[in-house]
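For chain A, the structure is supplied; the task is to place chain B on it using the hints.
Letter by letter, the chains look like this.
Protein chains: 2
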Amino acid sequence: MKKGLLMVFTGNGKGKTTSALGLAMRAAGHSMKVAFYQFIKGSWKYGEMEAMKRFSDLVDFQVLGRGFTWQSDDLEKDKALAKSAWEKAKEAIFSGKYHMVILDEFTYVLNYEMVDQDEVLTALKARPQGVHVVITGRNAPEALLNMADLVTEMKEIKHPYQKGIKAQKGVEF
Amino acid sequence: MKKGLLMVFTGNGKGKTTSALGLAMRAAGHSMKVAFYQFIKGSWKYGEMEAMKRFSDLVDFQVLGRGFTWQSDDLEKDKALAKSAWEKAKEAIFSGKYHMVILDEFTYVLNYEMVDQDEVLTALKARPQGVHVVITGRNAPEALLNMADLVTEMKEIKHPYQKGIKAQKGVEF
Numbered sequence: 001m002k003k004g005l006l007m008v009f010t011g012n013g014k015g016k017t018t019s020a021l022g023l024a025m026r027a028a029g030h031s032m033k034v035a036f037y038q039f040i041k042g043s044w045k046y047g048e049m050e051a052m053k054r055f056s057d058l059v060d061f062q063v064l065g066r067g068f069t070w071q072s073d074d075l076e077k078d079k080a081l082a083k084s085a086w087e088k089a090k091e092a093i094f095s096g097k098y099h100m101v102i103l104d105e106f107t108y109v110l111n112y113e114m115v116d117q118d119e120v121l122t123a124l125k126a127r128p129q130g131v132h133v134v135i136t137g138r139n140a141p142e143a144l145l146n147m148a149d150l151v152t153e154m155k156e157i158k159h160p161y162q163k164g165i166k167a168q169k170g171v172e173f
Numbered sequence: 001m002k003k004g005l006l007m008v009f010t011g012n013g014k015g016k017t018t019s020a021l022g023l024a025m026r027a028a029g030h031s032m033k034v035a036f037y038q039f040i041k042g043s044w045k046y047g048e049m050e051a052m053k054r055f056s057d058l059v060d061f062q063v064l065g066r067g068f069t070w071q072s073d074d075l076e077k078d079k080a081l082a083k084s085a086w087e088k089a090k091e092a093i094f095s096g097k098y099h100m101v102i103l104d105e106f107t108y109v110l111n112y113e114m115v116d117q118d119e120v121l122t123a124l125k126a127r128p129q130g131v132h133v134v135i136t137g138r139n140a141p142e143a144l145l146n147m148a149d150l151v152t153e154m155k156e157i158k159h160p161y162q163k164g165i166k167a168q169k170g171v172e173f
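So the sequence lines, in the order shown, correspond to chains A and B.
The first sequence: position 1 = 1 (this note's numbering), numbered continuously.
The second sequence: position 149 = 149 (this note's numbering), numbered continuously.
Hint data in this document are derived by calculation from the structure and do not stem from the laboratory.
Heads up, some of the hints might be wrong.
No copy labels: a pair is met if it fits in one copy or bridges any two.
[Claimed, not checked] Derived lysine-lysine pairs resembling DSS-like cross-links, with alpha carbons at most 25 Å apart:
id, residue 1, residue 2
1, K41, K88
2, K163, K2
3, K53, K33
4, K41, K166
5, K41, K3
Being a predicted model, the structure only gives us computed values, none of them experimental.
So that you can see chain A by itself, here it is in the shape it has in the complex:
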C-alpha cells in the first residue's frame, strides 16, 4: 500500500470545506471509508450533515468543535475540548479503519494553540500507509504546508457579502 497524501485547503476564499466534502464523496464513491470531523460548530443545521446521512455506512461524520473561533470565556475548557477532539482524530488516523481522515477547520485549533503543533505534525507524519489526511482552514501554519503533499490556496476574488447579499441556504450552509 502506498503512503497516503496529506492535503491542505487553506486561504480566505469559499471552497475549503465544500472541497473536503467533495473529496469525502469521491472517496465514498470508491467504497473507501472516511472520517470527517468538523472542528468548528456553527449555530445552524448543516446541509452537509443531512447529506452525509446517506453515506453513514462509509463516512463517520461528526462535529467535534464548539463555537465559531473556539473562543469562549473559559480558555481552559476550550483547550480541553480541542485536545479531546484532536485525540479522536488521531485515533481515527491510526485506527486502520479509514482510508481518509478529514479535519475540517483544523487550522484554527493549531493557530489558537489549542493543541500542540509539534505533536500534531509528528502524528501526521507517522500516519499509516494508505491513509489520506485532509486539513482545511485559513492561515495554515508554514510547518504544515511544508509537510503537505498537496496545498491549494482558496483565494477570495469576490464574495457576495461584498455586495451585501446574505448567506443563503444550500450555498453557505
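Same frame as chain A, now just chain B:
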C-alpha cells in the same frame, strides 16, 4: 424568492470540481434539486458518479462532454457537441426544476470558443429567481468573473505531481 448566486471556482489548483460536488451535496442536504453537468469526460470511472447515485432523487448528474480538452480531429463535431451540451444546461437553468445548476469545467468550452460567450453570459444573467449557477474550470473569462457574485481562485501552492506521486483513487478521481 431571491436572485440565486452565480459562483465561479477557477484557478490552476485542485478543489474546483470537488468544491462543486460539496456544494451539490450541501444543497441536496436541504432537499434542493441540483443539475450537475460535467463538460469534460475523463477516461476513468469517477468516484463522484458512484457517489451521486445515492442522490439520484435530487441530483441529475450527467457527463455531457467528451475528451480532456474537447480537442479532437473534428472541430465541427466538437462544436456541435459542446453546443448541444450548453443547450441542455441552459434548459436546466430555465426549467424551474432545479435550485442549483453546476457546469463543471465549463470554462474550457468558453475558452475554446465552442459556444458563443455573449449568448452564455446573457442567459446566465437572465437566470430565473432562486436558481444558483456554479461554473468551474481554469482561466474563467474576465466577463464571467465580472458578472459573478462569488469567485474563488483555487491556487496551486503544491501538487503531488511535483513530487512524482501519481494520481490516486478516491483523491484525484
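Evaluated hints:
1. K41 / K88: So K41 and K88 pass the 25 Å test inside one copy only (16 Å; across, 39 Å).
2. K163 / K2: Between copies only: 14 Å across, 46 Å inside.
3. K53 / K33: both (14 Å within a copy, 17 Å between copies)
4. K41 / K166: Close inside one copy (19 Å), not across copies (35 Å); limit 25 Å.
5. K41 / K3: neither (31 Å within a copy, 28 Å between copies)
In summary, the one numbered hint that this structure violates is 5.
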